[in-house]
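Asks: Each chain, letter by letter, is given below.
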Amino acid sequence: MQENTDKIRDFIISNFLFDTEETPLENDTSFLEQGIIDSTGVLELVEWLEETFSIKVTDEELIPENLDSVNRLSRFIARKTS
Amino acid sequence: MSGVAGYFNIQAAPKGSLRSLEQMVWSLRHRGPDGFGFFQDDLTGLGRAHLCTTEPEIGLQPLCNEDQTVWVAADGEIYNHTDLRSQLVQKGHRFAGDSDMEVLVHLYEEKDVNFLSELNGQYAIALYDTRKQVLLLARDRMGICPLFYCCHGGSCYFASEMKAVFAADRSVPCQINSQVLQDIFTFWSPVGADTIFTGVEQVQPGHFVEVSRQGISQQRPYWHLTYAEEPVDPVSEEELAEELQTLLTDAVRLRLQAHVPIGAYLSGGLDSSVVTALIRRCSAHPLSTFAVAFEDAVYDERQKQLRVSKHLQTEHEQIVCRYADIARCFPRVIFHTETPILRTAPAPLFLLSGLARKRGCPVILSGEGADEIFGGYDLFKEAKVRAFISVQPDSACRAMLLKRLYPYLALSPTRSASFAKQFFATTVHPESDLFYAHQPRWKNGRFLIGFLSDALTADDYSPLEKMRGFVASSMHGQDFFTRAQYVESRLLLPNYLLSSQGDRMTMAHSVAGRYPFLDHRVVEFAARVPGRLKMKGLQEKYLLKKAMRGLLPAATVQRKKQPYLAPDIPSFFGGAVPPYVEHLLSPGYLNTTGLFKPAMVTNLVGKCRAGSRQGFRENMALVGILSTQSLYEQFVENRLTDCPESLGKTKKIIQM
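Residue numbers (our numbering), protein chains in the order written: chain X, 1 to 82; chain R, 1 to 656.
Some clues are possibly wrong.
[Claimed, not checked] Derived CB-CB ranges, DEER-like:
(1) N71(X) x R521(R): 57 to 63 angstroms
(2) A78(X) x R328(R): 46 to 52 angstroms
(3) A458(R) x E33(X): 21 to 27 angstroms
(4) N71(X) x R170(R): 55 to 61 angstroms
Just so you know, these hints were derived from the structure itself, not from any lab.
We treat Cβ as the ideally placed atom computed from N, Cα and C, and that holds for glycine.
Generate coordinates for the entire structure from the input sequences, incorporating the hints supplied.
Replies: Next up, the structure:
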């Protein structure tokens with residue numbers, strides 16, 4: 001779980017924030033509310049999830065409850081890979 | 001069209017003033033390669049680079065009235081000059097030649113500054129009244145022709161393009177305005193009279209400014225875009241559609257006056273097809289049409305273009321744009337836009353005007369403006385959908401409508417309806433936000449501004465507050481659909497679309513663009529049409545389509561709008577990365593300009609190199625940063641100093 005959390009953090013920071021020093025990212029921060037990811041970014045995120053964790057994300061699963069923070073993502077991956 | 005430039009001596013004349021004028025006009029020679037003309041007296045210098053369109057060669061400017069007390073240098077065309085001329089002749093005015101612009105000096109004698117309201121056309125006018133010792137700078141109602149000015153060292157310099165102001169005198173400072181850069185990164189364009197360069201302003205569309213020994217006046221409007229209340233008596237749709245067809249036909253007819261061959265841009269979409277169809281109706285001459293095609297099928301519209309061309313029997317030709325073509329011409333594009341851009345869309349249009357010129361068409365008609373005035377943009381549709389959902393935010397049925405937006409995009413923001421709902425802020429009430437329609441798009445600004453260096457963003461500056469100050473008073477009491485049209489028509493149309501994609505790209509190859517939808521009579525008509533007839537349900541440009549039924553293939557009228565897009569990041573990173581891109585985005589050069597955070601840009605570049613899918617924001621950030629760096633290199637770091645001793649094509653010099 002911790003390993004996944006780190007992977008997710010690395011991906012979000014390098015891929016969406018670009019700025020590693022100045023934008024602190026809490027694990028509960030909402031990506032959408034904070035403007036970290038826009039709605040096209042969500043699809044980028046899904047592609048990465050599917051590739052990195054060898055899972056398939058259905059359209060029904062594309063909801064903020066699953067994807068909208070580091071912790072939510074981490075729990076979602078845990079469920080999908082268990 | 002042409003290039004105008006000059007100065008007014010408020011406290012002092014520029015040193016070596018004729019040379020100054022020559023340097024200015026020389027820098028605009030792409031706008032007017034057919035001859036240069038100059039006027040000078042103790043107070044004022046006027047210069048013009050001439051492009052032969054309607055005027056025979058005797059129409060070289062500057063021009064004057066009968067007793068040589070009023071002088072004018074102007075860019076553009078006055079389409080109702082024939083009517084104006086006969087009225088003026090009746091009043092006893094004597095004309096020296098055939099130029100359409102000669103009406104300006106005589107009409108000014110009759111009406112003073114009020115003469116501007118009589119004009120139908122596209123123009124940037126510098127008119128000098130020697131008796132009053134006043135220089136008047138004025139711009140057409142919709143902002144088709146550009147006009148900039150800057151005060152420095154006791155002189156006011158003005159020109160069609162900013163490069164001429166910097167060419168006038170090496171001591172005119174050239175600095176990037178960090179607040180305007182934030183505006184552009186938020187709205188895609190500067191706001192109001194601002195430009196990207198500190199101290200340089202533009203005359204706003206439908207405005208004029210007076211320069212005298214006392215200094216420069218405030219900009220004053222001579223025309224307002226006002227949206228009328230919905231008529232109480234329902235006017236029949238058929239009547240309105242008929243009126244629109246008559247008006248548009250006349251707008252096209254007026255724009256076919258020329259001594260040179262006229263062509264048309266034909267994108268395959270509705271607006272350019274409308275213009276082309278009406279040209280065919282007004283004229284029996286063979287018609288050349290030109291279009292942009294893309295090697296990347298995602299952007300390509302060739303089949304649709306050919307369908308219309310075949311239907312209207314035009315001689316059609318296209319340029320096929322590859323990624324590398326866009327990358328190759330990009331620095332030239334920025335030389336002409338003179339401002340940062342967030343999309344590469346101007347680049348193919350730069351190449352297209354090159355083709356039109358090569359084929360002997362120095363004048364083209366084009367469909368710009370229809371989306372703004374007749375409700376064509378997806379943004380209007382998006383706002384309508386959001387407003388519809390906001391009435392019952394929890395309705396799953398209503399949210400499904402979001403999926404109808406942007407079906408043509410590979411990375412559609414609406415694939416995930418649940419995220420889209422949040423992104424499009426569907427719980428916000430349309431009347432609670434002045435910029436309801438634009439807010440989702442402008443939210444990206446915060447992300448882009450994040451790339452700017454700390455030094456540039458140190459002050460507590462808010463682009464949104466500036467925008468509010470600029471438009472709020474004109475938008476109060478209007479519904480969200482009308483407010484969105486106002487922002488598009490008064491801000492993005494002149495400051496981005498007509499400049500970076502319009503005038504600057506056509507004039508880069510000495511081609512004059514003419515825009516029938518921007519005839520002010522058509523614009524005023526559209527402002528009277530109720531919003532529900534512009535976009536009926538979610539059907540965009542409903543009334544325009546109705547007006548044009550029968551003149552175009554049914555498939556062209558019925559097709560869903562596909563906005564004009566060009567590849568952004570792939571143009572630069574889809575193959576071998578051009579050396580200039582490596583240089584402009586290198587940490588070293590980023591440190592030199594001091595505009596962006598080098599580490600962040602390096603991360604973004606890394607992502608671009610990896611070739612993964614990119615969202616809107618990354619594409620806008622990359623093009624925005626690259627264009628700003630290129631602008632710095634070409635304007636701030638290296639100034640134009642290529643003016644020869646003799647201009648060669650000087651045909652008229654008047655010194656008084």
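Asks: Does each hint fit the structure? Answer for all of them.
Replies: Now for the hints, and whether the structure bears them out:
no. : hint                                 : verdict
1   : N71(X) x R521(R): 57 to 63 angstroms : holds, 60 angstroms
2   : A78(X) x R328(R): 46 to 52 angstroms : holds, 49 angstroms
3   : A458(R) x E33(X): 21 to 27 angstroms : holds, 26 angstroms
4   : N71(X) x R170(R): 55 to 61 angstroms : holds, 59 angstroms
Consistency with the previously given hints is maintained throughout, with no hint failing.
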